[in-house]
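Residue numbers (the numbering used here), protein chains in the order written: chain F, 1 to 283; chain D, 284 to 538; chain R, 539 to 866; chain C, 867 to 1212; chain A, 1213 to 1558.
One thing to keep in mind: the hints can contain errors.
Stated by the list, open to error - Some, not all, of what chain R presents toward chain F, calculated at C-beta under 8 Å:
id: 1; residue: Pro587
id: 2; residue: Gly675
id: 3; residue: Asp681
id: 4; residue: Asp715
id: 5; residue: Ala718
id: 6; residue: Ser722
id: 7; residue: Val723
id: 8; residue: Ala728
id: 9; residue: Ala732
id: 10; residue: Thr735
id: 11; residue: Gly736
id: 12; residue: Thr850
id: 13; residue: Asp858
id: 14; residue: Leu861
id: 15; residue: Glu862
id: 16; residue: Leu864
Said to hold, decoys possible - Straight-line distance between alpha carbons at most 25 Å, and here's what the computed BS3-like set of lysine-lysine pairs gives:
id: 17; chain 1: A; residue 1: Lys1380; chain 2: C; residue 2: Lys1034
id: 18; chain 1: F; residue 1: Lys9; chain 2: C; residue 2: Lys941
id: 19; chain 1: R; residue 1: Lys792; chain 2: R; residue 2: Lys817
Derived from the structure by calculation, the hints contain no laboratory data. Since this is a predicted model, take the numbers as computed values, not measurements. We put the CB at the ideal spot given by N, CA and C, even for glycine.
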Amino acid sequence: MSARADSLKGWGFAAPALLWTTAFFVVPFVVMAAMSLATLDGRTLIWGLHADNYLELAEERYLWRAVLVSLEITATVTVVSVVLAYPLAWIIAFRVPARWQRLALLLAILPFWTSYVVRSYAWLLVLAREGVVNQTLMTLGIVAEPVTLANTRIATVTGFVHFFVMLLTLTIYANLVQLSPNYRRAAMDLGANAFQTFRHVILPLTLPGIATGAFLTFVLCIGDYITPQILGGNTELTVPQVIMVQLGRRADFPLASALAIVLMALVTLAYLACARWLRIDRL
Amino acid sequence: MRVLPWLYLAAGFLFIYLPVGVLVLFSFQEGTLPVPPFEGPSLRWYAEVLGDDDLTAALLNSVVVAAGQGAVAVTLGFLAAYGLARHVVPGTVFLRALLIAPLTVSYLIVGLGLLIVVQRAGLGLSLWTAGIGHVVINLPICFAIIYASMGAQQQNAERAARDLGAGEFDVIRLVTVPMLAPAILAAYFLSVTLSWDEFIIAFLLTRFEVTLPVEIWSMLRSGLSPRLNAIGSVVFLVSVTAVVLAEVLIFRRRR
Amino acid sequence: QEELNALVWCDHTDPKLIEPFEEEHGVTVNLREYEGTGAALALLEQSRPGDWDVLVIDGIDVFRAVEAGILAPLPEDELPEADFFPEVVMKENNSADGVTYAVTEKFGYNTISYNAEAVDPADMQDLSTVWSDKYEGRITIYDYYLPVMGLAALASGIDTADITADDLETIGGVMSDMRANAASVAGVVAAQTALATGEVDIVVGGGEWLTAVLQEEQPELTWTIPDEGAVRWSQSIGVLADSEKPDLALEFVKYIVSPEGQARLATSSCFWGMPANMKAGEHLTDAQKEVLRWDAQETYLANTQLYPAPDTDLDIEMQDLWLETLQQ
Amino acid sequence: MTAPVTVEAVTHRFGAFAALSDIRLEIAAGEYVTLLGPSGCGKTTLLSVLGGFLEPGEGRVLIGGQDMTHVPPAKRPTTTMFQDYALFPHMSLADNVAFGLRMAGVGKRARMSRAAEMLALVGLGEAGAKRPHELSGGQRQRVALARCLAVEPEVLLLDEPLGALDLKLRRSMQDELKAIQRQVGTTFVHVTHDQEEAMAIADRIVVMNAGRIEDEGAPRRIYREPRTLFAAGFMGEINRIPARAVAGRVETPFGPLPATPPAEGGALVACLRPEAVSTAPAAFEIGPARVRDAAFFGTYCRAHLVPEAAPDLTLVAHLPPDALPEEGAVLTLHAEPDALAVFPEE
Amino acid sequence: MTAPVTVEAVTHRFGAFAALSDIRLEIAAGEYVTLLGPSGCGKTTLLSVLGGFLEPGEGRVLIGGQDMTHVPPAKRPTTTMFQDYALFPHMSLADNVAFGLRMAGVGKRARMSRAAEMLALVGLGEAGAKRPHELSGGQRQRVALARCLAVEPEVLLLDEPLGALDLKLRRSMQDELKAIQRQVGTTFVHVTHDQEEAMAIADRIVVMNAGRIEDEGAPRRIYREPRTLFAAGFMGEINRIPARAVAGRVETPFGPLPATPPAEGGALVACLRPEAVSTAPAAFEIGPARVRDAAFFGTYCRAHLVPEAAPDLTLVAHLPPDALPEEGAVLTLHAEPDALAVFPEE
Ligand SMILES: Nc1ncnc2c1ncn2[C@@H]1O[C@H](COP(=O)(O)OP(=O)(O)OP(=O)(O)O)[C@@H](O)[C@H]1O
Ligand SMILES: Nc1ncnc2c1ncn2[C@@H]1O[C@H](COP(=O)(O)OP(=O)(O)OP(=O)(O)O)[C@@H](O)[C@H]1O
Ligand SMILES: NCCCCNCCCN
Ligand SMILES: [Mg+2]
Ligand SMILES: [Mg+2]
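Could you put together the complete structure from these sequences and hints?
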């Protein structure tokens, strides 16, 4: 078969997927980008190259605050999740006996098979003034009065961290176990203690896995609407919440589109920040 | 020092199970509020949930959308992976990046983009449009999983089949698909899971018939109630059963 | 089977309300809920003609729908307006140039809900003490800008009907105080949760629609209309101009304003509220009437003002101010 | 079924890199040829060109006298046995072996009986219902062979068929492969990088290097009288003795060699195999040499020796296994002159 | 730095499976010992016990006279070189080699100069700044060795250090390994399943099978006079000639052997290495045999022969390389009687 015929066949097989992605992802994205440059006069949409939405973004405090809030929450969630998940993955990979590891991972995933919406709602119950956490804290005498946890940023972050700890535990675990055990042995054999082995050998070798997991966390977290909406108490709005307000209450598609483009830009920045270590096709 | 890891592990699992535990516990609440003190146990909310037509309809919709979009995503993903892995296509790197791209974009953006286009095109919103959106987000995952498993071993088996006189269709049917069955099943399973739990795209792209997460969302907006705990517990139970079955039937066999 | 598509507030999605109609007429009623007139108008604008048959809309916004030409005239004589509480018939809202386009179906109050065991009920009679430092962190604000801004206007002595762009600064100042002492801004369920679980003790913008469903278990959760008055909401229902099933749509409207329909709507699962039709009282239990405070309506109607009804530009400014306050 | 193969001036490039350069080769019907060469020299590429998996950039391939250059694998009278065997893991052995016949439209009964016959030929007559993963490496290889033979190819192409086996199994599979080839008479083209394997099995060895054919001929000829220094080195261990061409003679540190120098003036290398170094007297005298170390290798003792005439040089010698030379001992070494092959320095 | 190693009655079980059974072994300081045996026989397990990666279920390990059974790897005077080398891919070669010293708190300057020294020792003096992925397999192995040597272990443990290399490189690395061991004097324990490697490099070979030691001793002794049939077979190709003990003599199809039978009455096997079969006259006469096939192997011709006295048997013989015996020719075969080792049939 000639190279040409071969490549034509390849195109043929890939065509449906490429068409799908183009029609339902690329085209909508381009239309959305164009929409972000349109403007609303009353309820009439005016296409064109208007910077109105982006200018409004700079001017309206609640809009750029939303960007800041989103970034703060996402950064906190990413860091906290990685820091909590790494030891968990480590313990499952190296302390739990091999034949129990699969079970441990399965057990870690199971709670995430409740619906996402329901899970956030469940955190609301847990963090309520009369919820389990407050009751425990008071029984233990740590606090005298119930603490306000629900409807705060703490609640949003907790809800997110809950999900991403699981996700990152899986990715980091996968990275840890695919390392040849001989790296650890070699380091120990050369006199490194457990911490040194971690610090000088395991951590650098798992950095790509961490970067990939952290990026995934960033993407999913910054674009999520449910968790801040249910748990955040609306005292501060994230970008997706503001987008949904624009859509649901005003149908201001141009402004919503501009916000979506901003969200996209943030993700791209995050991507560039960890591109060195990332293998996107392994996500 | 020795117990520290186990304590951490226990704490980790406590954290992971805390909301689910509370959710399930208060699904048996007798009273109308799913907060302490616990009164019960009672099955009244389960009875109510199972008798709710909207919920059962939404549940069915979710199953149909998840299964259907999964089939489309896996089929398209498989064909693309096969085309790009087994034929020399110029610009493969770019095409792969294009196919993977939706993975790096928030669901909200995918949903918003599609919403705008569907409305501009004057089409109606329905379970179909939600399904289309779900394929967009799951196609990259299916493609990546299947593409990654198209290793040299498979390739040699395919070449051997061609060498023995099989046409391309026979090669795919008799060799490629059966050999990739574990990866294909895993991709299907994952995309069904993601669709099953997806909210924002389903919310933006449906109208009257909605999927379960959207239905639960509107229940949530209309009042705090152990009904939600009950429906959440039921979903949990069904999903866990599905996972365990899949684990036993699909993934056990792989090893 | 014939289908009827209705764009509604969430109280219409209760099967107990819809199913009797569906059975009687052998049809399916598809419901899509929304919150906020802007969203409804946008949704209609982006739909294809004929997609929708029935619209439920805030009473004060009917004129906007009429101006947009999306509502069909209603045969006044077929509607039992004579049985309505006179204050809520609101002819001037529901008609234009002598043609009736909508009919009031339900009303209630956005005012102050609170936990009587945790706050001093006397404080709740004065809006300035409601959101004072005394209750810092014990307050939730209902997440709908119109009633809350209406309350803020009342607290500043501005009538809701008279709000102009110039008043926004004053209103914004009041809301800023309110927000500073609030723990959260919450939708229906979150507000209910917060109040029921003791998360907060006061919901600004609350009312019967918030606490009625909790009455049985937590009688300490109650509501009041403060001395400055409160905001009254009302919903109207109408038929869309390009409906392809105007007759069935009219039947639906008639069902909703009939005494049976009204009773079911008043006590629907999403939120309770007063029926416009007084005859609905015959279909309500005494307990239900008690919760709805049936007998106090005369006073309440006198002490409350309708939602603010901004035009499009003012509406956008008010929404921006609202979001601005949330993000403060 | 058997056919001759002709490769005419085949060149193939991957990008700018020439994996095959002007390959010309004649293989007779029924011959057993091995392609031998280091990793990356183009063996697999050449085999792929023969099998039809790769269209060469230039040149032609004739099989049974017919131009097959652009014929796809399925239509060629060749079958390839892959290094990893490429058995279909989801099919029974019988289904694997019958696959080619199934594709040719042979009925179920007929192809199953033929598969059983082929499995019997390779000594797995009873195992038709098993799956490949239940077999050992050697057994898998036999199934792969049976699968190839079932379609009665005229030319069988084998890509490092024994590469995955351990040494012992490898030697015994070599014997079997050769025996089967004798029985069926098919032309075999067998790729390997193991010179012992090539020598053990081939009628003719084709030594490749960097996309070119360096030497080709009978194993013995190539081992004893390689055409190039590369071939000499690749066929087995050699001692490289520096030499120069002086007045039509080859001068070495150990005296002149009775060979004609391949090039005048330049530096030369005289190659001597370790087993050609001997302590028994022979015509070419290397002279006394000190044993640096020696180890027993079963069939011989392998010693490193530093000759007094050229103290920079270390010679490797395979000496008789009876007596392990002691470290530091001085032996007098000799070699037959015709055991020394002379090449220009590269 | 060097130390003796003593393994005292070590037994180790994985679940119910005994990977090591009652292993007893004395290794002298500075000795080069190889553990040789088939896959799964427990070589790696034994090495892990020595290195401290595994605590044996029973028995003790003494290094330099001290009980080390429960001492962790970091505290043992041993270093292990892993089969996959386990070089840290994110560090330069110099950092890899200096790692052990860094862990020991040696200052940067001192450890870098020592690393450079070690790299020079293994012939990679210039490459300190490179990363492992830039090296060939053979070079990586040298870095791994340098990394181990940098910490001056008393005992160096090597797990199939040459397993990943091709034959040629392997042979040259063997020489190097041995040379370095001579230079540093450290005790080497080297795991392999390649008998040629073991013979080439070891002072002493320990042949293992199924968790036990089958034989141990100098390479030559083990090759020539193995203690067990397993050791005989594992050390190289053998002809197994059925025999029986009759009246205190060993009877074979080719006549009696002057050996004392190891057991009365039972079936015996007389083992004869292919290279011990010769056409030159010797005391034990095998008699005429027909050549089934023969191939040239460079240093010898390998022939399969069917002896007339035992037509069921096929003997493998390594005959001189000068003349390839023709198929069907009849040769008269002999062997020295002491080249035949007799064992009870297993
Ligand atoms: N598809 C390809 N693209 C680019 N270069 C290739 C490709 N296939 C092979 N090569 C290069 O061509 C050369 C010859 O490869 P080939 O596979 O024929 O080697 P080989 O002799 O079979 O080696 P080995 O013994 O390692 O299998 C190698 O240098 C290889 O890197
Ligand atoms: N962690 C383990 N759990 C159970 N069995 C094991 C474990 N490690 C090794 N074994 C078994 O113990 C036996 C000896 O293993 P070991 O790795 O020592 O063999 P080996 O001689 O090094 O083999 P190879 O040459 O294949 O590396 C094998 O049968 C192996 O299957
Ligand atoms: N969906 C929540 C409704 C809460 C009550 N507000 C009524 C406004 C009437 N249009
Ligand atoms: Mg190759
Ligand atoms: Mg091992």
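Hint by hint, here is what the structure shows:
Look at Pro587 of chain R: its Cβ only gets to about 16 Å from chain F, farther than 8 Å, so that hint breaks. For Gly675 of chain R, the suggested interface contact is upheld, since its CB lies about 6 Å from the closest CB of chain F, less than 8 Å. Interface restraint check: Asp681 of chain R against chain F, minimum CB-CB distance 6 Å, threshold 8 Å, status holds. Annotation: interface hint on Asp715 of chain R violated; nearest CB of chain F at approximately 15 Å, more than 8 Å.
Of the supplied interface hints, the one on Ala718 of chain R is violated, with its beta-carbon coming no nearer than about 11 Å to a beta-carbon of chain F, more than 8 Å. For the restraint placing Ser722 of chain R at the interface with chain F, the shortest Cβ-Cβ distance is roughly 3 Å, inside the 8 Å limit, so the hint holds. At about 4 Å, the closest approach between the beta carbon of Val723 of chain R and any beta carbon in chain F falls short of 8 Å, and the interface hint on this residue holds. The beta carbon of Ala728 of chain R comes within 7 Å of a beta carbon in chain F, closer than 8 Å, and the hint placing it at the interface holds.
Because the beta carbon of Ala732 of chain R sits about 7 Å from the nearest beta carbon in chain F, less than 8 Å, this interface hint is met. Of the supplied interface hints, the one on Thr735 of chain R holds, with its beta-carbon coming within about 4 Å of a beta-carbon of chain F, less than 8 Å. Given hint, Gly736 of chain R at the interface with chain F, holds; its Cβ is 5 Å from that chain's nearest Cβ, closer than 8 Å. Hint status for Thr850 of chain R relative to chain F: holds, with the closest Cβ pair at about 6 Å, below 8 Å.
Using the Cβ-Cβ criterion of 8 Å, the hint placing Asp858 of chain R at the interface with chain F is satisfied: the shortest such distance is roughly 6 Å. Below 8 Å, beta-carbon pairs count as interface contacts, and Leu861 of chain R has one with chain F at about 4 Å; its hint therefore holds. Taking 8 Å as the C-beta cut-off, the interface hint given for Glu862 of chain R holds, the closest approach to chain F being about 5 Å. Given hint, Leu864 of chain R at the interface with chain F, holds; its Cβ is 6 Å from that chain's nearest Cβ, closer than 8 Å.
A distance of roughly 18 Å separates the Cα atoms of Lys1380 of chain A and Lys1034 of chain C; the hinted pair therefore holds under the 25 Å criterion. For the hint pairing Lys9 of chain F with Lys941 of chain C, the CA-to-CA distance comes to about 19 Å; that is within 25 Å, so the pair holds. Between the alpha carbons of Lys792 of chain R and Lys817 of chain R the distance comes to roughly 14 Å, so the proposed pair stays at or under 25 Å and holds.
Hint violations for this structure: numbers 1, 4, 5, all remaining hints satisfied.
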